[in-house]
Each structure stands twice: as structure tokens, then as C-alpha cells.
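Number of protein chains: 2
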Amino acid sequence: MTTDPPKTLRDTDDEARHLVRQLLTTARIAALAVTDPEHGGPYVSRIAFSVSPDGEFLTLISDLSYHARALKADPRAALLIGEPGAKGDPLTHPRLSLRATTHVVPMGEEHARRREGWLQLHPKAKLYVDFPDFRYLIFEIHGGHLNAGFGKAYALAKNDLTVW
Amino acid sequence: MTTDPPKTLRDTDDEARHLVRQLLTTARIAALAVTDPEHGGPYVSRIAFSVSPDGEFLTLISDLSYHARALKADPRAALLIGEPGAKGDPLTHPRLSLRATTHVVPMGEEHARRREGWLQLHPKAKLYVDFPDFRYLIFEIHGGHLNAGFGKAYALAKNDLTVW
Numbered sequence: 029m030t031t032d033p034p035k036t037l038r039d040t041d042d043e044a045r046h047l048v049r050q051l052l053t054t055a056r057i058a059a060l061a062v063t064d065p066e067h068g069g070p071y072v073s074r075i076a077f078s079v080s081p082d083g084e085f086l087t088l089i090s091d092l093s094y095h096a097r098a099l100k101a102d103p104r105a106a107l108l109i110g111e112p113g114a115k116g117d118p119l120t121h122p123r124l125s126l127r128a129t130t131h132v133v134p135m136g137e138e139h140a141r142r143r144e145g146w147l148q149l150h151p152k153a154k155l156y157v158d159f160p161d162f163r164y165l166i167f168e169i170h171g172g173h174l175n176a177g178f179g180k181a182y183a184l185a186k187n188d189l190t191v192w
Numbered sequence: 029m030t031t032d033p034p035k036t037l038r039d040t041d042d043e044a045r046h047l048v049r050q051l052l053t054t055a056r057i058a059a060l061a062v063t064d065p066e067h068g069g070p071y072v073s074r075i076a077f078s079v080s081p082d083g084e085f086l087t088l089i090s091d092l093s094y095h096a097r098a099l100k101a102d103p104r105a106a107l108l109i110g111e112p113g114a115k116g117d118p119l120t121h122p123r124l125s126l127r128a129t130t131h132v133v134p135m136g137e138e139h140a141r142r143r144e145g146w147l148q149l150h151p152k153a154k155l156y157v158d159f160p161d162f163r164y165l166i167f168e169i170h171g172g173h174l175n176a177g178f179g180k181a182y183a184l185a186k187n188d189l190t191v192w
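Chains as they are written, first to last, in my numbering: chain F, 29 to 192; chain P, 29 to 192.
In isolation and in its complexed conformation, chain F is listed as follows (with noise of 0.2 angstroms):
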């Protein structure tokens, strides 16, 4: 087996970085992948998702929820961030896909200082915001891919990921 990143991998320049910094300030979903604790294989879902304004890559999850409790076992995460809209070939809309380790932020202080920017970018929480099972997890990145339609793909090492 090897490993060596596919041919096609171009490298990343600053209309790379460009795109990477479009797709993560408007994002507010993403899908997340763990590692499924019941039979050690990937788990994928949906999660509410941002950048806060400080560059933390955020999401706010109950923490009796499948990925959650998977989490606890393997802290080891993986994002894709870009939805494609409703218009054009999904699959040429870019979009990023990101290795990361998750870090659960303690209730309490750390916990009530997000509320504010949270809710600001994502309104509809106000109704469960406040529920005793959600917790704000951190993603620490550690690089991934962009892949900006067909043929088009670079590698991100973090440096290209930290963008504010």
C-alpha cells in the first residue's frame, strides 16, 4: 500500500488560499466523521459548524448524540466543509476536507463565554443553546485537502488552515 498523495495534487497558492478562507467564514454545517465506538469503522453526520470571528473551529452538539459519545472513545475527527447550492454540478462546488482531534470546552466559564458569537452565527441554536446536554467542542486541525472541482485538488498542511 502506498501512500504517496495522488499526481493530481496541485500545490496550494493564494487562490487556493483564497478559497479555503470563502468556504470556512461562511460556513455554518458540516459533516462529521468519527470513529464508530460499537464496530470501529468510520460513522459520518451532520453538525451545526464555525469559524469563530478568533479562528476557533467550533460546533455545538448534545452530548448524549451518537458522535458525541463517539468522541469520548476516539477523540479523532474528520470535517468536510462547502455545501453546494442548489444550482451547478455539486460535485465541481469546492469543498474542504479536514483531519482533526476534538477538544470538549468545560462548562462553566469557557462554556457561557462562547454563547454570544455562537448565536450570532447561528440564530436557530437560541432554542437549544442553553439545554444541560450541549457542549461546545473545539477541532483542532491538522491539514486536509481542498478540492476545488474535478481535477482540481491541493493538500493543506495547518499553516494554509489558520487564515485569521
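Any given hint could be a false lead.
For chains that are exact copies, the list does not tell them apart, and a pair is met inside one copy or across any two.
[As the list claims (entries may be wrong)] Derived pair list, reagent style SDA-like, types lysine to any residue, alpha-carbon separation capped at 20 angstroms:
(1) 180 - 38
(2) 115 - 56
(3) 115 - 132
(4) 186 - 170
(5) 152 - 177
(6) 115 - 151
(7) 154 - 45
(8) 100 - 135
(9) 152 - 65
Derived by calculation from the structure, the hints in this document are not laboratory data.
Following the hints, complete the assembly by docking chain P onto the known chain F.
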């Protein structure tokens, strides 16, 4: 660590099965989660996806892609199916999280006889359907969840997903 399902899971009823069928018949893309062979954690990307008229859960991907190479090392996969539209809260839009094992369709007759059906559902694939590195993958589905909106989650057995 407990692996009990969360208490919020509902019994799968006809309404849920109807929604499952609707999501499966209209799906043209999915998020595919695999185990990253470099790191052992999850990896997630966007793929073309559809269920064929005879009930095959299918994608067409390049053999050179990161996810194809990951599946060679570990054929376990997960799918997120059900794309939110431009309107409404994307987190209330129903979606499926499915566990699967992937099987590569061998080149030759098996590959060729899926071509027409695939192009009917994915007309833009005519640009690359005949590239020599493209392979059909069949997802053998083991089960999963339907999330039909906030607090409306259902556990799905294999039989709930064989709707053809």
C-alpha cells in the same frame, strides 16, 4: 463507555420508512467517510452517489482518489445522505447516516453494464465515466440512523433500507 443507543431514538415507523425511501431515491451526492490509512482516524469527502433502480447503493470514483486508496486498506465506510436545500434550517433537513462495507465492481462486463444507468442519474458524469481509472463501488449497507430533525432520530436496521 456505554454503547446503549441514546434515549431519544424513536421506533422506526412507516412515516420514517417513507422518508428513508425519499432520501435514497433522490440522492445524487453523499459524504463518504473512510478510515485514513495514514493516520488511522476518520476521513470524509464528497462523492457522486445514487441507488440504482434495482436497489444497488453505488458510487463511481477514481481509483487514484484518496478515499479509493483508503477503502483498499479498509473497506468499511459510512455515508451521509440528504442534502439541505437553500431554504430553511439545514439542521432540520432529514438525513441518513449509514454504515457500509464497500465492494469494487470488477472491470469488464460488470463495469460496463452499470454505465447507462449511472449516466441516466448522473448525466454530467459523461465527462469522465470512460476514464480508465474510474471504478463503480457497491455499498453493502449494515444499518444506521435517520435524523429527521431536532430530537427526531430513528435507528435503522438493514431491512429498513432495502426499500426496492
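Within, between, both or neither: residue 115, residue 56 at alpha-carbon 20 angstroms: both (19 angstroms within a copy, 13 angstroms between copies)
Homomeric proximity label, residue 152 with residue 65: Cα distance no greater than 20 angstroms: Neither: 30 angstroms inside a chain and 38 angstroms across chains, both beyond 20 angstroms.
Intra- versus inter-copy proximity for residue 38 and residue 180 (alpha-carbon distance at most 20 angstroms): within (7 angstroms within a copy, 42 angstroms between copies)
Intra- versus inter-subunit Cα pairing at 20 angstroms for residue 154 with residue 45: Neither: 33 angstroms inside a copy, 30 angstroms across copies.
Intra- versus inter-subunit Cα pairing at 20 angstroms for residue 115 with residue 151: So residue 115 and residue 151 pass the 20 angstroms test across copies only (15 angstroms; inside, 25 angstroms).
Status of residue 170 relative to residue 186 across identical chains (alpha carbons, at most 20 angstroms): Classified as within; 5 angstroms inside a copy, 35 angstroms across copies.
Within, between, both or neither, where residue 152 and residue 177 count as close if Cα-Cα is 20 angstroms or less: between (31 angstroms within a copy, 13 angstroms between copies)
Residue 115 and residue 132: within-copy, between-copy, both or neither at 20 angstroms Cα: neither (37 angstroms within a copy, 31 angstroms between copies)
Alpha-carbon proximity between residue 100 and residue 135, which holds within one copy, between copies, both or neither at 20 angstroms: For residue 100 and residue 135, the Cα distance is within 20 angstroms only inside one copy (16 angstroms; across copies 41 angstroms).
When the structure is compared with the earlier hints, violations turn up for hints 3, 7 and 9 and for no others.
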